[in-house]
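Undergrad: Single-letter residue listing:
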Amino acid sequence: MRPRLLSLIRRTSSTIRQDVDAELQFHIDARTDALVRDGLTRDEARSRALREFGDLEDARAYIRRVDTAIEQQRRRRDSMSELRQDIAYGFRTLRRAPTFTLTAILTIALGVGANTAIFSVVHGIVFKPLPFPQPEQLVKVWSANPTAGSMQVTVSAVDLDDWRAQRTQLADIGGWWYADGGSGIDFTGSGDPQRLSVAFISPGFFPTLGVQPALGRLPREDEMIRGGNDRVAVLSHGFWQSRFGSQRNIVDSTITLGGAPYRILGVMKPEMRFPSDRVELWIPFSTIPDNATPRIRPVRIMDVMARLKPGATLAQARQDLNAITQRLAATYQENTNWGAATVMPLADAITGDVRRGLVALLAAVGFVLLMACVNVASLLLARSTIREREVALRLSLGATPGRIVRQMLTESVLLSLIGGAVGVAGATFGSRALVTMASGQLPRTSEVQLDGTVLLFAVIASLVTGVLFGLAPALRARGTDLQASLREAGRGLVSRSGQRLRTGLVVSEVALAVVLIVGAGLMTRSFIQLLGVDLGFRPDKLLAVNFTINTSRHTGQAHRLVYREMIDRVRTVPGLVAVGAVKHAPFRGNGERISFVPDGLTLGGGDQAPTAPLFHISDGYFATIGARMIEGREYTVQDGAMSSPTPGAPPVFSGTPSLIVNQALAEEHFPGTSAVGKTLRLGQTRIPIIGVVNNIRQTSVEEPVQPAMYINNMMNSRVGVTLVARTRGEPLAMANAVRGAIWSVDREQTITSISTFDQFVGEAVARPRLLTILLGLFGTLGLVLGAVGLYGVLSYLVSSRQREIGVRIALGAPRGAVLGMVVRRGLLMTAAGTAVGLVVAFALTRYLRDVLFGVEPTDPMTYALVVVSMLAVAGIASAIPARRAATVDPAIAFRSE
Amino acid sequence: MNRDAMELLQGTLDVLILRTLAWQPMHGYAVSRWIRERTEGTIEIEDAPLYKALHRLERAGCVSAEWGVSENNRRARYYRLTATGRRRLREEESAWRRYAAAVFRVLEPA
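Residue numbers (our numbering), protein chains in the order written: chain H, 1 to 897; chain V, 1 to 110.
Since the hints were made in silico from the structure, they are not lab data. Treat the numbers as computed from the prediction; the structure is a model and nothing was measured. Take the hints with a grain of salt, since some may be wrong.
Cross-link-like lysine to aspartate or glutamate pairs, in silico, DMTMM-like; alpha carbons within 20 angstroms at most [claimed, not checked]:
hint	chain 1	residue 1	chain 2	residue 2
1	H	K140	H	D162
2	V	K52	H	D29
3	V	K52	H	D162
Distance ranges between label pairs, derived from CB positions [stated by the list, open to error]:
hint	chain 1	residue 1	chain 2	residue 2	range
4	V	R98	H	L455	52 to 60 angstroms
5	H	R48	V	E71	14 to 22 angstroms
6	H	E44	V	E71	41 to 49 angstroms
7	H	R65	V	Q24	40 to 48 angstroms
8	H	Q72	V	E71	27 to 35 angstroms
9	H	G402	V	R98	50 to 58 angstroms
10	V	E40	H	E82	46 to 54 angstroms
Backbone N, C-alpha and C define an ideal beta-carbon position, used for all residues, glycine too.
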């Protein structure tokens, strides 16, 4: 058999039938003829031939089936070998045009890579289910105070116990208290004392999540209640590895935490990183002593989640919890206005406030990919004109138009897959860089990885890209007019339809770029606004040392003396300008929310007193952080005076309690008058206000400052301390000296963290900064891609119309006019694209509203800037080809090809 | 037709066809005649299974088929042994020989 690459003749079912019939007929006829030659009559011969043959019809049907199968097999083989041919041909073509190929691959790599990186982050954080069994049953629960309009408040440990006891629609409910750098415990007895990061958990915590330990067991119910045997701990896998070298016999051993013996019950699996990857221990909430966090209803500090009973709905859970909270509100006076609960899926609660920003990023990066597509499509189009002769030749040699389209598409998909592969390689770095940049600012970053789903996304993105940018040029190739092409190709005539298509591409590209730049511009403006916010303090050169005074060693009132002495010792350190302390530094905690009754406010029967966070501060705190007293004064050392009631007895606080309030509280409750000298009733005590401090941003930079109260830590003592020192030089350079001063008071004192206020502020704006950087990056990319696209099309236009331009110049057209013609053309396309882009941006950017600060999504200034910069860039992109046009040698018009 | 003819042993037909086509490419009718002549009517062969076998062998890639012109100037489908077919023939032939030798060793008196 002759070797054949392709079987040109396709056998249809009717030709198969005819062939089978003919073959069998030939046999019968031949046999009949032979028998006739042997002397039989024709009839006899024929019937004998048929008899010898056997079941003719059965054979006919069988053979048809087999032949059909053979044909199908052949077609499959043919299309495979066609594909192989197309791919080989594609590779050859791409290799012959290395500049084009490289440009296209890089453009696609950029688009696909950026998309893959962003998608990997969004997928890990937003789309991937939580790593717990039946994660859809998990909900987050908050206490709600509808009267105060506070619908998402953390929960009191006492309330939580009641919720758990009375629940009907929930399989279980559990809570935790965890604050990054705030919730911890001292670990002593093996080497240097160390501050461990702890999640303090309620009895329902582990059962609600449905997790099991890798080693040992989880605490029993009776090990998680006050007065029970609750000094137990469960280790995180990472802590177990790093601190105990993965020893399995650690289970049931005893370690010293906060000066007391705790039994290690078990070790969790590596994937258990809830509520944070930084958790090293899970310890019963019941172990927290009352002088750290009083276990009473008004102290609402626990995060709570619940697991729905199988089949129970969110609405049923809501109903259940509302009924319980209403009962509690009716029973306990301190819960009067707290007769409601807010319930939402846990996944939404975790990712809720980052979702908008991430989705905006995904949209922006999608636009970048679209622009990459448009750019490559326009490159391909320019090439397809060059290739028209090749296409025409193949058509004339008998290739079908369908075959040509397939060949072209194979080529573009080949390009996009190579580009995609390069892009994915880049995305692995990009994804890691993003996670590093977002460190601590995004939830669930440990789940961000380039897994199967992300790779699938990349492959699909590449394939869709390939088809998208390959389709237009491929379809155009199909429409190639044989005769016209063979005649005209290479003579530099631009077909009208090709020109229109390219113009359309540029216009849409400019439009996409405009949308991207508007997004980037809005975000940048918003970020600048954010940085310009008056924080109420000067964060530069402020060192913050966070620690917790140990009450098991400094019993009774002794911890107040330790506090006093530590501040005094640090004040003697040379190089410090001022020293103070606060329990919760700005952006490091929300204080303790309590209710108060100001002078002149009489509460009716159902009225609830207003609430505000109370911050525990030292004397000189405001001066240290650079806050300003609006009126009155701040605490002095004398305000916290301690003396011994009887000679020899331990000293106790002996001064008069007083309060400082912020401007927001003063304006809300004492409008138009001086707040100093007025009193606030906290609980049963009336406490005078001695000063009003300016508003200090405490929870976030964006949100307006709420009323707040400050109390001297000597009057109402807390063991959690952030010691703040204003330094003359670089703050962190003073860290050792300050720590030394603290250790000179108590060598056993553990330090939770040492940082600067600049870092706190930086972290508080890190999320918008990340979004700004990325949107800015995509905006720049958009601008560059748009400019490159415009430049490409105009250069193509100039080079393909050289002869025409030459004629014009020969006929006396001034070179300036030629230059103007090209630039005008570029700007016209840009103007059209910009107009379209502005409309789209106007429609889309309102989805950015939630992540913008101090800027309207329709900010006219941003839009104006975008238009100006787009036109400027377009002008430059047009000028280069225009200059080339103006320098065309008129002789070209007369040169033959 | 010989009344005493034996039934064709299962699987024998394929090897007979391959052997036949090993001489030269031929159409189905010629294959049929050739086998009948060589077996001298000892084995009863119908043409229906023969054609089925030819197409089956084509599907297996053992033979290829092409239209040609017969001795009496008619369009006939010619079958040709492929490399695969040749290999298959060698394998089956030696299998048959071993099989027959074994049977004979039993049948022949010691």
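Undergrad: For each hint, tell me whether it holds in the structure or not.
TA: For each hint, the structure was consulted:
1. At most 20 angstroms may separate the alpha-carbon atoms for a hinted pair to count; H:K140 and H:D162 meet this at roughly 17 angstroms.
2. Distance check on the hinted pair: V:K52 and H:D29 sit about 19 angstroms apart at the alpha-carbon level, within 20 angstroms; holds.
3. Of the supplied pair hints, the one linking V:K52 and H:D162 is violated, its CA atoms being roughly 83 angstroms apart against a limit of 20 angstroms.
4. Our hint of 52 to 60 angstroms for V:R98 and H:L455 holds, since their Cβ atoms are close to 54 angstroms apart.
5. The beta-carbon spacing between H:R48 and V:E71, approximately 21 angstroms, falls within the hinted interval of 14 to 22 angstroms.
6. H:E44 and V:E71 have their C-beta atoms about 23 angstroms apart, which leaves the hinted 41 to 49 angstroms range violated.
7. One distance hint, 40 to 48 angstroms for the beta-carbon pair H:R65 and V:Q24, is violated here, with the actual separation near 29 angstroms.
8. Between H:Q72 and V:E71 the C-beta distance comes to about 34 angstroms, which sits within the given range of 27 to 35 angstroms.
9. Range check, H:G402 to V:R98: Cβ separation about 54 angstroms, and the 50 to 58 angstroms hint holds.
10. About 50 angstroms separates the C-beta atoms of V:E40 and H:E82, a value consistent with the hinted range of 46 to 54 angstroms.
Hints 3, 6 and 7, counting from the list given before, are not met by this structure.
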